[in-house]
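As given, the protein sequences belong to chains A and B, one line each in that order. The first sequence begins at 1 in the numbering used here and counts up one residue at a time. The second sequence begins at 867 in the numbering used here and counts up one residue at a time.
Careful: at least some of the hints might be erroneous.
Listed next, with one range per pair, are the computed distances between beta-carbon atoms [to be verified]: (1) Glu916/B x Thr288/A: 49 to 55 Å; (2) Leu479/A x Ile968/B: 26 to 32 Å; (3) Gly901/B x Val664/A: 54 to 60 Å; (4) Lys869/B x Trp268/A: 48 to 54 Å; (5) Glu126/A x Arg900/B: 20 to 26 Å.
Keep in mind that the hints were calculated from the coordinates and are not lab data. Heads up, the beta-carbon is just placed ideally off N, CA and C, and yes, glycines get one too.
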Amino acid sequence: MTAASLLISELRSSLAEESARIARGFAATGDGRAAVAQRTSLVEDLLRRLWRECVSSDDAGPRGFALVATGGFGRGWLFPYSDIDLLFLFADHASEETHKDAVQRFSQELWDLKLKLSPASRTLAECDRFDLSNTEFTISLLDCRFLLGDREVYARLHDKVIPKLVARESKPLLQGLAEVTRERHGKFGHTVFHLEPNLKETPGGLRDCNVASWLALISAMSKLGEWPDVSSLRPPVRKQLDAALEFLMAARCFLHFRYGRDDNALSWEAQDEAAARKIGASDSADLTAADWMRIYFGHARATQRAVMQLLEEIPESWSALRRQFQGWKSRPSHPDFSVVDGLIFLQQSSSLKDPEMLLRLFHFMAHHGLKLSATTEHRIEQALPALAVTPPRGAELWLYLQETLLQPHAAEALRAMHSLRLLTLLLPELKPIDSLVVRDYYHRFTVDEHSILAIESLHRLNQSQSEWDKRYAEVLGELEDPELLYLALLLHDTGKGVPGANHVEASLEIAGRCLDRLDVEEGERAVVLFLIENHLEMSAQLRRDIFNPETVAAFAEKVGTPERLKMLCLLTYADIKAVNPEALTPWKAENVWQLYIGAANYLNRSADHRVHGDISNEKLARLNSLAPVTGAKFRNFVEGFPQRYLQVHSAEEVIRHMEMADDVSRDAVQVDLKRGRHWYELSLVTKDRPSLFATLTGVLAAWGMNIVKANAFSNQAGTVVDTLYFTDRFRTLELNLSEWQRFKQSIVAILAGEADLEKMLRDRQRSEKNLRVKVVVETRIDFDDDCSSTSTLLQVIAQDRPRLLHRISSCLSQQRCNIEIALIDTEGQMAIDTFYLTSGGKKLSADIQKNVAKALLDELKSLQLS
Amino acid sequence: MTKVEAVIQNSKLEAVKNALHEIGVEGMTVAEVRGHGRQKGHTEVYRGREYSVDLIPKTKLEVVLADAMVDKAVQAISGAARTGKIGDGKIFLTRVDDAIRIRNDERGEGAL
Chain A
1 MTAASLLISE LRSSLAEESA RIARGFAATG DGRAAVAQRT SLVEDLLRRL
51 WRECVSSDDA GPRGFALVAT GGFGRGWLFP YSDIDLLFLF ADHASEETHK
101 DAVQRFSQEL WDLKLKLSPA SRTLAECDRF DLSNTEFTIS LLDCRFLLGD
151 REVYARLHDK VIPKLVARES KPLLQGLAEV TRERHGKFGH TVFHLEPNLK
201 ETPGGLRDCN VASWLALISA MSKLGEWPDV SSLRPPVRKQ LDAALEFLMA
251 ARCFLHFRYG RDDNALSWEA QDEAAARKIG ASDSADLTAA DWMRIYFGHA
301 RATQRAVMQL LEEIPESWSA LRRQFQGWKS RPSHPDFSVV DGLIFLQQSS
351 SLKDPEMLLR LFHFMAHHGL KLSATTEHRI EQALPALAVT PPRGAELWLY
401 LQETLLQPHA AEALRAMHSL RLLTLLLPEL KPIDSLVVRD YYHRFTVDEH
451 SILAIESLHR LNQSQSEWDK RYAEVLGELE DPELLYLALL LHDTGKGVPG
501 ANHVEASLEI AGRCLDRLDV EEGERAVVLF LIENHLEMSA QLRRDIFNPE
551 TVAAFAEKVG TPERLKMLCL LTYADIKAVN PEALTPWKAE NVWQLYIGAA
601 NYLNRSADHR VHGDISNEKL ARLNSLAPVT GAKFRNFVEG FPQRYLQVHS
651 AEEVIRHMEM ADDVSRDAVQ VDLKRGRHWY ELSLVTKDRP SLFATLTGVL
701 AAWGMNIVKA NAFSNQAGTV VDTLYFTDRF RTLELNLSEW QRFKQSIVAI
751 LAGEADLEKM LRDRQRSEKN LRVKVVVETR IDFDDDCSST STLLQVIAQD
801 RPRLLHRISS CLSQQRCNIE IALIDTEGQM AIDTFYLTSG GKKLSADIQK
851 NVAKALLDEL KSLQLS
Chain B
867 MTKVEAVIQN SKLEAVKNAL HEIGVEGMTV AEVRGHGRQK GHTEVYRGRE
917 YSVDLIPKTK LEVVLADAMV DKAVQAISGA ARTGKIGDGK IFLTRVDDAI
967 RIRNDERGEG AL
């Protein structure tokens, strides 16, 4: 055996023995930093012996050639199965040529020892060249460390080449590093909250710890023109990163020893073992896997925050376009905040002791899509202990929260609040799902991130170009109270934090407590709880035959109203989409959509199923609990109303209608007017009479009101309850409180025949300019004789314009049609009006349908021309 | 060996899976597919817009079996997937030359 082969044999056994010793040491202490230092030292020793054998008997020779550690090895962090980053550095090409064979032999011996080598050969001049397509090499030089050979060559690299290169190329270098980092984050959905994260690559992982150091180093070096002091990061960031590093080092060593290779995936099995062995958390009490992952996510979150702040705070690194964009984002102004380069700063006078200020800050962030500056985050953290003593709650908190949820960048604001521990302080109900890993082969993210992602996926609908997303975006745009949907999404999986419980039931209970805390009013509360209770319902239906009318009918009946159906459809869409990026396949999107339109059509076509003492116990119990009324009186009132009447009106509203119906004997027309968040709501209770609906819509048109939605129902006793939701186009009611009374009196007078509706309409028409049509809607008239046993259903789709509903309903009256039920809706510039019609107490004959269609088309055409 | 491909209604997947498990078929591949037979699709009108479903969402189940199991599997699938109405789906049988277990290169029926 030759001397060389003897050496290799000796090194091989020494490497095996020492590696085993390091592994045993780690198993005993769990000290990752010690393990990587020992392995670094082991490999250095091995390199030295090989250097003497293959390159030079003198550690300081030969001239013009040096061996340099770079990357992780340069930092002195050689993980058990990591690659060894080496730079063969030459003074010039002549030296390189001279030592070519030695380098080859040296590398070959390392490969034979089964060490994974990442070698690079460069001259000093080549190191000085910056290649935008290979920023990794220049970055790896930032961690360079002398090992062997000509120290003077190394000193030229370290003291002259690198500082000059970094100072000269700092902008593209930072830009390149930022781009590579953002691209890597993008591959992981920009979130740390993966159920099985990659310890090195996932946002907040080891790579980000390095990125934070490099960013700070490049920044400092570009200013100083030389190597800065080691502690160039700001102290709080440094402290957070150091804590994260200790943990991540231990965890990565654990994974390498566990797998016996450079595998950094924190699989569920690895999480179990890490928790049992308290890897990186030796001071903790016994840990479950979920507890251990919470510690990991805590470190990862802090690391990601530090990196993102550093990325945002280096304006020189941004491209001209990005600078321009950030400049544009600097425009939003606010008395309490200022914006510089897309970052929010607090005005000097602003105090975060006022909880409202804090809530306004996140609303501002959610509205403009801005980020918090590091100083603002620091001030928030300082303000939290005082806030924790008396956190805001009740209607005021709900008001701010709902306004924040509605903003286009709500998810980013929620993530920032969550990361600063503010979200769980305001809504402690979210604590059990904070960084919670629930093992499920479909879910990719933790429960809290999944919930926020679901909210984000709805907000992103408007920007999407996908055919499916556009359909769902339209439905989202039609919602009356989208904030309730967002709140339901935030809370829908909170029950997953209760071990062993049925998560839907547990979520309902937790959401109930949260709604109490927010003092959410009864009707809204019912909607949120309905959505949470049924958040798996549509997915469950997809496993049935969704083209079977009975399946669709049963589902639609369970949902009850079109508004709830829209919300449930969107919640299902968002919930599936937030499971993982591929979860919402076109197949699923189509199925959800088909079920939605099937159920929506069913609800429109079954609105005349009448109440005959068959109200659900739940509704009846609610009505009885509210009412100072007897059961018999209540039953008489609701007898014969369509089921839809009870579905679209809350128990409180039904009671109010019943009281108004009582008063009809004194005053024939009872009118109630109130202002909602989106529109005014007019309720009218009276005895049925010809042209009632046409006259009522005429009065509103004459007052310049724009009817957005309407329901018209009647009971067996001939009592009519019409509810019209309208916007006040000329702000008549908004600006003149006295007009409220005059408006109501006008309705009563016209229905009593004491005022001239036609004259009022002519006056209004004269004073109005033609409205510009933004989107042309083609008129469509459809009859359906099959969906009701007593009425013919007419659906009119037309361009929305003033007086449209009055003209349609008047036309129907002229054709001697009785409107049994009217369901009026508006979608953008499209009016969608559904009427259940009878003529002479029967369905409309084919002839009458033909006449009605012709009359309506003529009427709508004349309206278009007027 | 024979490959059994069954295109069935989505609502019947659980029943078919259970029926196959009962006769000892454990592994299978399931895919979300769309298509139509003679049944063709249908059109739903929603708010004045027509949404035609030319290709109806279905579920495709694939399983490769030893020949001795094929008849039992076909009976299990058709028994569990049948409603008697149009759209119940179809079963296709194809000869399979060989099967290889990637983990250990085992071949033939032993690899199934």
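So, going through the hints one by one against the coordinates:
Between Glu916/B and Thr288/A, the C-beta spacing of about 54 Å keeps the proposed range 49 to 55 Å intact. The hint said 26 to 32 Å for the Cβ distance between Leu479/A and Ile968/B, and at roughly 49 Å that hint is violated. For the pair Gly901/B and Val664/A, the beta carbons lie near 59 Å from each other, so the given range of 54 to 60 Å is met. A hinted range of 48 to 54 Å for the beta carbons of Lys869/B and Trp268/A is inconsistent with their spacing of about 33 Å.
Look at Glu126/A against Arg900/B: about 56 Å separates their beta carbons, and that is not inside 20 to 26 Å.
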